[in-house]
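Novice: With these hints in hand, go ahead and build the complete structure from the sequences.
All residue numbers for the sequence shown refer to this note's numbering, where the first residue is -4 and numbers rise by one.
Take the hints with a grain of salt, since some may be wrong.
To be verified - Here are the simulated lysine-lysine pairs, DSSO-like style, with alpha carbons at most 27 Å apart:
#1 Lys566 / Lys288
#2 Lys403 / Lys419
#3 Lys566 / Lys266
#4 Lys236 / Lys190
#5 Lys288 / Lys330
#6 Lys468 / Lys445
#7 Lys445 / Lys405
#8 Lys466 / Lys403
#9 Lys266 / Lys330
#10 Lys566 / Lys280
#11 Lys403 / Lys330
#12 Lys539 / Lys566
#13 Lys403 / Lys423
#14 Lys331 / Lys423
#15 Lys445 / Lys539
#16 Lys403 / Lys468
The set of hints was computed from the structure by calculation and includes no laboratory data.
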Amino acid sequence: MRIRWFPFLCVFLVTAGFALFTVVSEVQAVPAFTEKEMLALRKVSGVQCKQIGDTTLVLELKGDSLSAPELQSSTPSSMVFRISGARVPSLFWKKDLDYPLAKMLTLSQDKGAIVMTVDVMQDMKIREIRGTAPANQYVIMLVTADQAARLAGQEQLTVRPVPKVDTGDPFTKTIPITLDLRDVELRDVFRMFGKYIGMNVISDPSVPNVLVTMSLNQVPLNQAFSYIMKMYDVTYAIMGKTIIVGTADSISKVVGKQGTRSYHIAYADLKQLGGIIQGLTGVTKVIADDRLKTLYVTGRIDQLDEIDSLLQRLDHPGRQVMLQARIVEINDTAKKDFETMLDAVYNHWWLSYSKSGINIGSSYISDKDSYVKDEKRPGTIITDMKNVASGTLKMLDAGIVALINDNKGKVIADPSVITLDGQKATIKLTENYPYVSQRDQAGNPTWSEKEVGPKLEFQPTIGRDGIVTVKLKISTGEIIGTYVGANKEEFPQTTNREVDTMVRVRDGEPFVVGGLFKDQKTKEVSKVPVLSDIPLLGQFFTAKTSKNVKSELAMIVVPYILHTPDVTVEKTVIK
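Specialist: Structure (structure tokens):
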């Protein structure tokens, strides 16, 4: 009996072993790339997904000279992009998104490319992809299908009908011609061309009144005509058997290819915008209506189309910068503890900017990240993509909280403010201390105020590759006592510490302004009631102590670049 079943058992074991080997091979399969080939690929250092409003998703991709993301597929449940020649250090990464429009963002390695998948809750369309390949940063704006349809409707224009023009253009012919002219008027030259092709020629008054000298021998007609057009900045139109020659503006009036459009300006300076448009497009009729913030432009259809594209860039909401600051005061006893925490920031800067360091940049995905296994996808590993700068800031926050709990320091202020790129912002967390500054002859007081407390002024300028130049001024002050003036009036005695600097940092990268020390001397007098007031003997019942308190004021500042979504410029065709 055992011998009869033995062959079947052997076959079963061999088959099961082969199947198990196949499964294990598939699970442990990795891209068919060597380690050297993988390292040669461009590294993706960061990816973020944000929802703005109820119709827009913004994907921000950072790396080193990355190729442009290409849309591979789009369904109501997912959008898949492919970034060729790039790698993600962990081979696979995912992040759950708690957004009404998106629920998950995934990066996976597909040989020599990264596949980025966004699991969406409804049908989404690409609104815009910012960044020209190869770029260190791309911003992908996705909008809902309904919003995309509304935006497309705003962009539709009603084109004014124009006279029908004969499509047969004789000046595209390559028949050879020979001309030998000396000091011949330009209008007569066009008449000669008309005779060559057997058509009527009308010279518009805008044709320059100049003399032409030229010698052409067996030159193709289209080349000869092109030389004249470019040399004297004129063009032509063909209507039936007649050629009309003149400047572009004059010809557009004749053939009806001129119109007027109005543009509602939302962000740009209306008066400056008119001059910029005239200088870049050559239109001459631009009227600005300050009351309605509307620009009226008359020109050729091709000029108006160019203005449509130009205004989309000029009348842009721009970017904003959010600055978060922590102003802390540390006792002298905790100086070493605080310096140890700041070493993390200083070391990050040394690695990022020092010639002797390694320029690691602003990294979200690091080859040194701790990876964990993905239980749903055996054989893959996941990294949480921690931002180096964010991790440093969290460590500083934890250290500051520990010092505060040990009564070794205090947070004077924790302000944050948002402003436009290039605009100044101010935060004041101050108090006004009233005091009598003087009295008149009748004894009536004149009151003044002393303003004390932290103040923060900053002006950010966004540069290339997420670099922010911050012009920063931080000051703080407090009342440490009073002194009596000549008229026995009490005046507040204050202390003030101030920093005025300019620094360049990356988006989300913290920097520290410190070294503002304060050495405060205080005197305390302790008395025994009644006994301390006895003449001579009272000093034996009075105790005097002096304290010398040293502290350091430090400001931890972090700038964040905020991208503002934009829609199509509002425009109307008037005629």
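Novice: Against this structure, judge whether each hint is valid.
Specialist: We went through each hint and held it up to the structure:
| no. | hint | result |
| --- | --- | --- |
| 1 | Lys566 / Lys288 | holds, 12 Å |
| 2 | Lys403 / Lys419 | violated, 34 Å |
| 3 | Lys566 / Lys266 | holds, 18 Å |
| 4 | Lys236 / Lys190 | holds, 12 Å |
| 5 | Lys288 / Lys330 | violated, 56 Å |
| 6 | Lys468 / Lys445 | holds, 20 Å |
| 7 | Lys445 / Lys405 | holds, 23 Å |
| 8 | Lys466 / Lys403 | violated, 30 Å |
| 9 | Lys266 / Lys330 | violated, 55 Å |
| 10 | Lys566 / Lys280 | holds, 17 Å |
| 11 | Lys403 / Lys330 | holds, 9 Å |
| 12 | Lys539 / Lys566 | violated, 79 Å |
| 13 | Lys403 / Lys423 | holds, 25 Å |
| 14 | Lys331 / Lys423 | violated, 30 Å |
| 15 | Lys445 / Lys539 | violated, 30 Å |
| 16 | Lys403 / Lys468 | holds, 26 Å |
Against the hints set out earlier in the document, violations occur for numbers 2, 5, 8, 9, 12, 14 and 15.
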